[in-house]
Amino acid sequence: MRVIRTFAKYLEENRDYLTRLDAAIGDGDHGINMDRGAKTALNKLESTDPKTPGELMRIVGMALLSSVGGAAGPLYGTVFMKMSMAFGTKPELSDAELVQGLKQALAGIKGLGKAEIGDKTMVDVWEPVVEFMEEEINKGKTLADICGDVVSLAEERMRATIPMQAKKGRASYLGERSIGHQDPGATSSYYFFKSLCESLEGG
Amino acid sequence: MKKLINDPENVVKEMLEGMAAAHPDLVKVHFEPNFIYRADAPVKDKVALISGGGSGHEPLHGGYVGKGMLDAACPGNVFTSPTPDQMYEAGKVVEGGAGILLIVKNYTGDVMNFDMAAELLRAEGYKVESVVIADDVAVEQSLYSAGRRGVGGTVFAEKIGGAAAEKGWPLEEVKRVVQKVADNVRSIGIALTPCTVPAAGKPTFELGEDEFEFGIGIHGEPGRKRLKMKPVDEIVQMMMDAILQDMPLEKGDEAALLVNGMGGTPLMELYIVNRKVSQILDGIGVRRYRTLVGNYITSLEMQGASITVLKLDDELKELLDAPVHTPALRWGL
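Taken in order, these protein sequences are the chains called A and B.
Note that the numbering used here has the first sequence beginning at -4, numbered continuously upward.
Note that the numbering used here has the second sequence beginning at 12, numbered continuously upward.
One thing to keep in mind: the hints can contain errors.
[Stated by the list, open to error] Here are the simulated distance ranges between beta carbons:
1) B/Met249 - A/Pro158: 52 to 62 Å
2) B/Asp221 - A/Lys136: 54 to 64 Å
3) A/Glu129 - B/Lys236: 42 to 52 Å
4) A/Lys136 - B/Gly212: 42 to 52 Å
5) B/Glu130 - A/Ala91: 27 to 37 Å
6) A/Asp44 - B/Gly212: 48 to 58 Å
7) A/Thr137 - B/Gly29: 54 to 64 Å
[Said to hold, decoys possible] For the chain B half of the interface with chain A, some residues (derived, Cβ under 7 Å), not all of them:
8) Gly87
9) Val150
10) Gln190
[Unchecked claim] Pairs of lysine to aspartate or glutamate, DMTMM-like flavour, derived with a Cα cap of 20 Å:
11) A/Lys105 - B/Asp126
12) A/Lys109 - B/Asp264
13) B/Lys236 - A/Glu171
14) B/Lys287 - B/Glu326
15) A/Lys34 - B/Glu20
16) B/Lys178 - B/Glu280
17) B/Lys138 - B/Glu177
18) A/Lys109 - B/Asp126
19) B/Lys239 - B/Asp264
20) B/Lys322 - B/Glu245
21) A/Lys105 - A/Glu87
22) A/Lys34 - B/Glu43
23) A/Lys98 - A/Glu130
24) A/Lys34 - B/Asp18
25) B/Lys241 - B/Asp264
26) A/Lys39 - B/Glu20
27) A/Lys39 - B/Glu245
28) A/Lys105 - B/Glu326
In short, the hints are calculated from the structure, not lab data.
Heads up, the beta-carbon is just placed ideally off N, CA and C, and yes, glycines get one too.
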């Protein structure tokens, strides 16, 4: 729950930034749409009081799907729906279970959007970060241990989209003109992982 | 920038309220989820035609709801794809027992949301087909991009599909003829200015006093290239070259034309654009069967124009001429 609130906070604060990024290589609505989606999700959560993480994820997923629009709506909707399916009815989650959920979410995004690493999309942050998390968890680390590294990696991968040429989405219409601009989807993904880590560190 | 709006967050809702008030004989509006639908829906035993997309392109799509064209139009937020629940609820309201055809403009978001809606409707037992419109020649059709954008050709697709449906054709036939339009239509647009999304408050890109953007899309996104301003006849020549290189026309061919304003360009200028378009086509011996000049698919207040050329055959001509009565298009009735 705290994760969602933190994500929403980041989306609200950075709405203009995301808008600017999206205007450079898209149509300028990513910030507005994600902010609206996050607020819708929070409202829904407040009014429905979910009992399990799985149910919470499902509510967020449906709220995003029906309020964000664009490509981001189905993609972020899928993130939360896949996590919801992975978490099932478990009342609590271990670190390993959370990471498995994120892995399912990544598979969902890739299946829907068909992007690969290097296409200049959210996948450029999601794939390296989730792979790193899985490796470290398998080595026996906890999420709290690796959070600092997760956020740094996400930030680095987000910036790494700058020189890429977009092969997916609206940015791809610009061809070479998309080079030199940070991808908005990768940026909102960075906020996602940052929110996740901040909330975990909080306790 | 100054706009005739109240709270930017409410532009779509208030626009829909205004439309409902202006055209109660033609359309009704459903709120949450938002969609505009034919006042006489559902029309029994007729294929239901549903389209939609981001708001900000009016009259596309809501202005094309009515007899002989769309049964429902689903408006997303400005320049943002509508969500699956909109098309799903609209489908349940307008389906008349003969299935649903979705007309989808080729944008990543639109395609995803309409695909999800189609799944939801099929799960309810409805027959659903879709046709994707990808007529913009500005973008290379390639594996390395999201593909060509759906722009002005969509207007012809909705008119022709609407006519086929109104004649009582079965779903497969309506799909076939809309696909024929998709395969034979090409467009390109240019912009003299960007536009400003109400909630963003700032223009979507910057363009110098003496520059124009060639190969723009309809969402305020930048285009293929930025060039120094020229007299319009030269610009039109470049635009028609781009279209005709991609879809060559020969002496004796017949075409329907859409000389479209992006929202902020005066009709006077659109007619001047059409003057050159006509000269070029007359020069190759192509018969200009029907020409539409005006604001048919806009991008808020962007100054600019787009040209759409649809190569016709007898079947398409008959469907194009068929009666239509919607807020934005009316003939034969």
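Now the hints, each set against the structure:
1. B/Met249 - A/Pro158: 52 to 62 Å: 31 Å, violated
2. B/Asp221 - A/Lys136: 54 to 64 Å: Hint holds: Cβ distance 59 Å, inside 54 to 64 Å.
3. A/Glu129 - B/Lys236: 42 to 52 Å: Distance hint for A/Glu129, B/Lys236 holds at roughly 43 Å.
4. A/Lys136 - B/Gly212: 42 to 52 Å: 45 Å, holds
5. B/Glu130 - A/Ala91: 27 to 37 Å: 32 Å, holds
6. A/Asp44 - B/Gly212: 48 to 58 Å: 36 Å, violated
7. A/Thr137 - B/Gly29: 54 to 64 Å: Given a distance of about 56 Å, which is inside 54 to 64 Å, the answer is holds.
8. Gly87: 5 Å, holds
9. Val150: Because about 5 Å separates B/Val150 from the closest Cβ in chain A, which is inside the 7 Å limit, the hint holds.
10. Gln190: 23 Å, violated
11. A/Lys105 - B/Asp126: Distance of about 16 Å is within 20 Å: holds.
12. A/Lys109 - B/Asp264: 39 Å, violated
13. B/Lys236 - A/Glu171: 10 Å, holds
14. B/Lys287 - B/Glu326: 28 Å, violated
15. A/Lys34 - B/Glu20: 13 Å, holds
16. B/Lys178 - B/Glu280: The hint is violated at about 37 Å.
17. B/Lys138 - B/Glu177: 17 Å, holds
18. A/Lys109 - B/Asp126: Judged against 20 Å, a Cα distance of about 14 Å means the pair holds.
19. B/Lys239 - B/Asp264: Violated, because 34 Å separates the two Cα atoms, which is more than 20 Å.
20. B/Lys322 - B/Glu245: Violated - the C-alpha atoms of B/Glu245 and B/Lys322 are around 23 Å apart, more than 20 Å.
21. A/Lys105 - A/Glu87: Violated, because 27 Å separates the two Cα atoms, which is more than 20 Å.
22. A/Lys34 - B/Glu43: 16 Å, holds
23. A/Lys98 - A/Glu130: The hint holds at about 12 Å.
24. A/Lys34 - B/Asp18: With a Cα-Cα distance of about 17 Å, the restraint between A/Lys34 and B/Asp18 holds, given a limit of 20 Å.
25. B/Lys241 - B/Asp264: Cα-Cα ~30 Å, so violated.
26. A/Lys39 - B/Glu20: Status holds; Cα separation ~19 Å.
27. A/Lys39 - B/Glu245: 55 Å, violated
28. A/Lys105 - B/Glu326: 41 Å, violated
When each numbered hint is compared with the structure, violations occur for hints 1, 6, 10, 12, 14, 16, 19, 20, 21, 25, 27 and 28.
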